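*Asks:* Could you build the full structure based on these sequences and the hints that come with them?
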Amino acid sequence: MTEPVTDHKKIIWLASYPKSGNTWFRAFLTALLGDGDLNINEMKTDGIFSSRAIFDNCTDMDSTELYDVEVKNLLPEIFKHQAELYKKDKLFIKIHDAYTLNNNGVPIVPAEPTLCALYFIRNPLDVVGSFANHNGSTLDEAIQLMNSPRGTLAKQPKNRNVNNQFAQLMLSWSGHASSWTNDLPFPVLVIRYEDMLADTFNTFSRAVEFMKIDVPASQIEKAIEDTKFEKLQKQESEGGFMEKNKRSDKFFRKGIAGNWVNELNPEQIKLIIDNHAEVMRLYNYPVDVITSA
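Start counting the sequence shown at 1; every next residue gets the next number (the UniProt record's numbering).
Read the hints as simulated data drawn from the structure, not as lab findings. Remember, predicted model here, so these are calculated numbers, not experimental data. Take every hint as true, because none was put in to throw you off.
Restricting the straight-line Cα-Cα distance to at most 27 Å, the calculated cross-link-like pairs of lysine-lysine (DSS-like) are:
1) Lys155 - Lys80
2) Lys9 - Lys87
3) Lys44 - Lys90
With beta-carbon atoms standing in for the labels, derived distance ranges:
4) Gly34 - Asp288: 39 to 49 Å
5) Asn103 - Asp60: 20 to 30 Å
6) Ser218 - Gly105: 40 to 50 Å
7) Gly258 - Glu278: 15 to 25 Å
8) Pro266 - Val69: 33 to 43 Å
9) Met61 - Asn182: 25 to 35 Å
10) Glu221 - Asn103: 44 to 54 Å
Backbone N, C-alpha and C fix where the C-beta goes; we use that ideal spot for every residue, glycine too.
*Replies:* In structure tokens:
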């Protein structure tokens, strides 16, 4: 590793279970900090926690030769070093991993370089359809993954550590939310996807203030306008989106709340609510819905 140049708290984690508004917010940040200049394939945020490229570039190692447990043991130091190395005041890093401990008993997300985290949460009933579309899976397969206590994204093929992203242990949907919102050693702001839709300006303004970004309201309004869902869809349809799973038809699918009533059958609704009612209630998601055929 090269010598660090500073060591202050600068990482802002953009944390979420998949398909919960993370990408929309990163597009907003790109437009906000770039004065409206947005190319969805050139986001101005600073990568994803599970990036093999960040790990290999930082360590000068070939991580395909490591076991996943070895990678997770090193990741806290990798991101401490990222914060020390870069002269930027803030690093915005996306993460889908749950906040867990590695094999050394150390949180995989280091507190020392962390300024704060935003945690994006969405009604799990709506996550199902979007997650299935993203993975190119069935709704039932998406539900099974969301309900799994050891749910993992980007599993490696045949236990080989070769994908461009490391495996991301998410836990269940509830486990993921709880891991990021219970007594962490840095400030966390929870942002509901539904509030991003219904009260966009106030929700995004609160996030900007929480991150200690000093910009006028007009700049926030412009970034919101420049990242309206239909504009993101248009960019994807015209030039593709590099973050889209190759098994999915499109990344920016509907961008609405409540469509689960048109997508899930009573049995599927019951499976989600039975597994996640406690956390759903915490965030005012409906659990008293008709679940019988």
